[in-house]
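Protein chains: 2
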Amino acid sequence: MSLLVVGSVAFDALESPYGKVDRAVGGAATYFAVAASFFTPVSLVAIVGDDFTSRDEEIFRGRHIDTDGLEHAAGKTFFWAGRYSENLNERVTLATDLNVFAEFKPRLPEKYRKLKYVFLANIAPELQRDVLHQVKVRPKLAALDTMNYWIERSNAELRETLKHVDILMINDSETRELSNEHNLLRAAKHIFKMGPTTLVVKRGEYGAMMVDKRGVFCVPAFPLEEPHDPTGAGDSFAGGFMGYLAGCGEKSDAALRRAMVYGSVLGSFAVEKFGVERLRHLKRSEIPARARHFAKLTQFKL
Amino acid sequence: MSLLVVGSVAFDALESPYGKVDRAVGGAATYFAVAASFFTPVSLVAIVGDDFTSRDEEIFRGRHIDTDGLEHAAGKTFFWAGRYSENLNERVTLATDLNVFAEFKPRLPEKYRKLKYVFLANIAPELQRDVLHQVKVRPKLAALDTMNYWIERSNAELRETLKHVDILMINDSETRELSNEHNLLRAAKHIFKMGPTTLVVKRGEYGAMMVDKRGVFCVPAFPLEEPHDPTGAGDSFAGGFMGYLAGCGEKSDAALRRAMVYGSVLGSFAVEKFGVERLRHLKRSEIPARARHFAKLTQFKL
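So the sequences go chain by chain: A and B.
All letters in the first sequence, in the order written, are residues 110 to 411 by the working numbering.
All letters in the second sequence, in the order written, are residues 110 to 411 by the working numbering.
Chain A extracted, bound-state conformation (with noise of 0.2 Å):
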């Protein structure tokens, strides 16, 4: 079934002790709509400038990626530069340029508003409350991921938006900064208030674990001896986690839990190389052996 993704596009200027590259093209939805489109067919809401060219948009060609609803706008795509320290493990940003991404208003061409998997990346909660308006029908499932800024700054925005979306895939601080407690159990009970029926808490190195009215399900990171870029590994994850599930249009507990670990596949691979890079070319084949590492990884016998 297709998904609908609504985020960024942009280009990423990144440095870190494995090299440096001064434009590739980054932002939320690219890195969402490639892991997803592994799995379903993805439909693309985002906006760039003249500077983006066709060349650009290669990454999204090839692939079952639907970008009619890619606007292109006079001025210049949202730019973001940003340096890891030594260990990959603190980020310097150095730039944010919204440029054409200050004025972003998404439009769902007509043929996408019937969609019935929505993946709201991190934009402003007034756009992904706009963008559920204009889907005709309430989604099979509606996912949203969030930051820091703007549970500061459009916290009661945030919360109306959170009460229209089944699932709220954020970080550790994120969590505890919206729910104001740091216990992730006791987090995850003040967000179900809110709205989502499932929280999934990004935790980096550490992994990803989601809650819901059944349980807690764990997935660790996969432990990689030079990962060389953290971009754009949240924004994998949520591809792979929503694309797996819209591809198989299942939505029960075990399902959920096949979706946490192939979002943990992608955001392993994404990690791999500089930027998209390693997204770009990877092979579907490749997907199901890492999802093995990940079954041999974890699993045991009582």
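Don't read these hints as lab results, they were simulated from the structure.
One or more hints might be untrue.
Each pair may be met inside one copy or between any two copies, as identical chains are not told apart.
What the hints assert, rightly or not - Straight-line C-alpha distance at most 30 Å; calculated DSSO-like pairs for lysine-lysine:
no.: 1; residue 1: K392; residue 2: K302
no.: 2; residue 1: K360; residue 2: K405
no.: 3; residue 1: K214; residue 2: K405
no.: 4; residue 1: K405; residue 2: K129
no.: 5; residue 1: K185; residue 2: K405
no.: 6; residue 1: K322; residue 2: K302
no.: 7; residue 1: K322; residue 2: K220
no.: 8; residue 1: K382; residue 2: K272
no.: 9; residue 1: K302; residue 2: K405
no.: 10; residue 1: K298; residue 2: K225
no.: 11; residue 1: K322; residue 2: K382
no.: 12; residue 1: K322; residue 2: K405
no.: 13; residue 1: K410; residue 2: K214
With the hints as your guide, set chain B onto chain A.
Frame of chain A, contents of chain B only:
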């Protein structure tokens, strides 16, 4: 098979948002011995002062814990006082009075010298090595815990001791400091060159990770809504881990994975109440029940 543990028995003063105790029996060897005794007989080597009464010793009684190696010396028992932050994620040490522990020279009763399973809790590396010398035949499995203090101040002694142990059980920051390597997989490779063939990294709220030449195994921490006191969690983990292995007499990959789970089970019980209280009242039947919870927490079918 009986399991030898050498380490500290102490009085702890603890403060957390959940309460306060002025003098509770604690110490690494105490948590370890109690946790391990659910799986196998334990032989304890430690030192206490003349303030350590028969009543204090009750924690070891009625369990399979041989205290013939518990030396009673003139003077006061090792005393440690600590306070936890509101979220239990930070700890301030208020007092560390070594007392009789400063003169601890572990002496193994004759009957302990043929034991096949040995755990060297966190004490000076030269004392750990001396214990290994007193054991007549190379143990089937020797494991060691240490801390930043020894890594920094007795590095050569620690390196010498590590040549003679199979399993190193330390936390993230100790792993990084000992190996001078941030990435845990690369850190494990450095550590394997020092002697141990298995590295167990204790990661607090994120669980634990085991690395050996066969690969990596991860187990999450048990999600608890209201942990009361993290004191002794790592030592209880070690007790469950080594106790299980000594009890089953195996060291296959499957056995080590189960040991990781039973370690996590005991660690999770330890933090539920203040000090050693939860372990003191733990029923044997609660252990397999929680181990099954760990299975539910981690298992998936692709």
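Can you list which hints this structure breaks, lowest number first? Of the numbered hints, 1, 3, 4, 5, 7, 8, 13 do not hold.
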